[in-house]
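**Q** Sequence:
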Amino acid sequence: MEMRRLGKTGLSVAPIVIGGNVFGWTADEKTSFAILDAFFDAGLNTIDTADVYSSWVPGNKGGDSEEIIGRWLSQAKVSRDKAVIVTKVGSDMGQGKTLKETYILKAVEDSLSRLQTDYIDLYLSHWPDEDTPHEETLGAYAKLKQQGKIRAIGCSNYDATLLQASFAAAEKAGLPRYDVLQPEYNLYERASFEGPLADLCVKEDIGVITYFSLAAGFLTGK
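Residue numbering for the sequence shown follows the working numbering, starting at 1 and increasing by one per position.
Hints are computed from structural coordinates only; laboratory data are not their basis. We put the CB at the ideal spot given by N, CA and C, even for glycine. Be aware that a few hints might be false.
[Unchecked claim] PhoX-like mimics (lysine-lysine), calculated; alpha carbons at most 20 angstroms apart, straight line:
{"#": "1", "residue 1": "Lys106", "residue 2": "Lys61"}
{"#": "2", "residue 1": "Lys172", "residue 2": "Lys149"}
{"#": "3", "residue 1": "Lys8", "residue 2": "Lys106"}
[Said to hold, decoys possible] Distance windows between CB atoms, simulated:
{"#": "4", "residue 1": "Ala165", "residue 2": "Ala34", "range": "38 to 46 angstroms"}
{"#": "5", "residue 1": "Leu162", "residue 2": "Gln95", "range": "20 to 28 angstroms"}
{"#": "6", "residue 1": "Gly217", "residue 2": "Gly59", "range": "19 to 27 angstroms"}
{"#": "7", "residue 1": "Asn186", "residue 2": "Gly10", "range": "21 to 29 angstroms"}
{"#": "8", "residue 1": "Asp28", "residue 2": "Ala168", "range": "43 to 51 angstroms"}
Based on the sequences and whatever the hints tell you, model everything.
**A** Here is the structure:
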């Protein structure tokens with residue numbers, strides 16, 4: 001399988017990433033395990049999830065997807081260093097959306113526990129937080145990188161203006177910058193990424209992993 005360099009993260013990823021938001025939702029644990037087995041058997045290597053998945057399901061509490069992935073990792077034939085684990089922080093887990101340092105430092109421990117791993121390959125800010133300075137958020141990530149708990153950082157749902165502002169804040173404060181962007185992008189929904197945001201990613205060598213790549217199933221014909 002061809003692997004691609006993901007921006008400046010140092011990570012190599014296959015061209016297809018499996019999205020884990022259905023794990024614990026429309027895919028039960030047995031089905032989720034079968035999907036992950038088939039995915040890695042095909043030579044693919046990157047799993048995307050978030051702490052909030054799938055809190056919207058009655059009876060779920062959030063972290064359900066991470067827990068399933070963690071149990072799969074604990075029994076899979078795939079060694080941990082062959083899997084690239086992407087998860088996110090900042091969605092509403094009962095506290096509202098936030099990227100404050102104290103919250104991130106607690107949330108990462110919860111994600112590590114659920115995933116049954118001692119490090120996360122790529123940790124993403126799930127949503128912008130206009131009430132928290134970039135410096136505070138990036139400072140939290142700097143601590144986690146120094147501790148070896150995360151390898152690289154990125155953001156999701158940021159526009160070009162916000163992403164550029166985060167770069168400026170990182171440079172001024174001597175903090176790590178976001179090296180990956182996760183935007184919504186597919187053949188149907190193109191406008192929010194194409195243009196200034198895509199141009200900025202090319203200019204700054206930002207790795208891009210899209211979400212809703214099949215327009216939430218619309219492009220499959222369902």
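**Q** Work down the list of hints and note, for each, if the structure agrees.
**A** Going down the list of hints, with the structure as the test:
1. The suggested pairing of Lys106 with Lys61 holds, with an alpha-carbon distance near 17 angstroms, which does not exceed 20 angstroms.
2. With a C-alpha separation of about 24 angstroms, the suggested pairing of Lys172 with Lys149 is violated against the 20 angstroms cut-off.
3. Distance hint between Lys8 and Lys106 is unfulfilled; the C-alpha atoms sit about 26 angstroms from each other, more than 20 angstroms.
4. Take Ala165 and Ala34: their Cβ atoms lie about 43 angstroms apart, and the range 38 to 46 angstroms holds.
5. At about 21 angstroms, the beta-carbon gap between Leu162 and Gln95 stays in the expected band of 20 to 28 angstroms.
6. Distance hint for Gly217 and Gly59: a CB-CB separation of about 23 angstroms, consistent with the stated range 19 to 27 angstroms.
7. Taking the beta carbon of each, Asn186 and Gly10 are about 27 angstroms apart, inside 21 to 29 angstroms as hinted.
8. Range check, Asp28 to Ala168: about 45 angstroms between beta-carbon atoms, so the 43 to 51 angstroms window is met.
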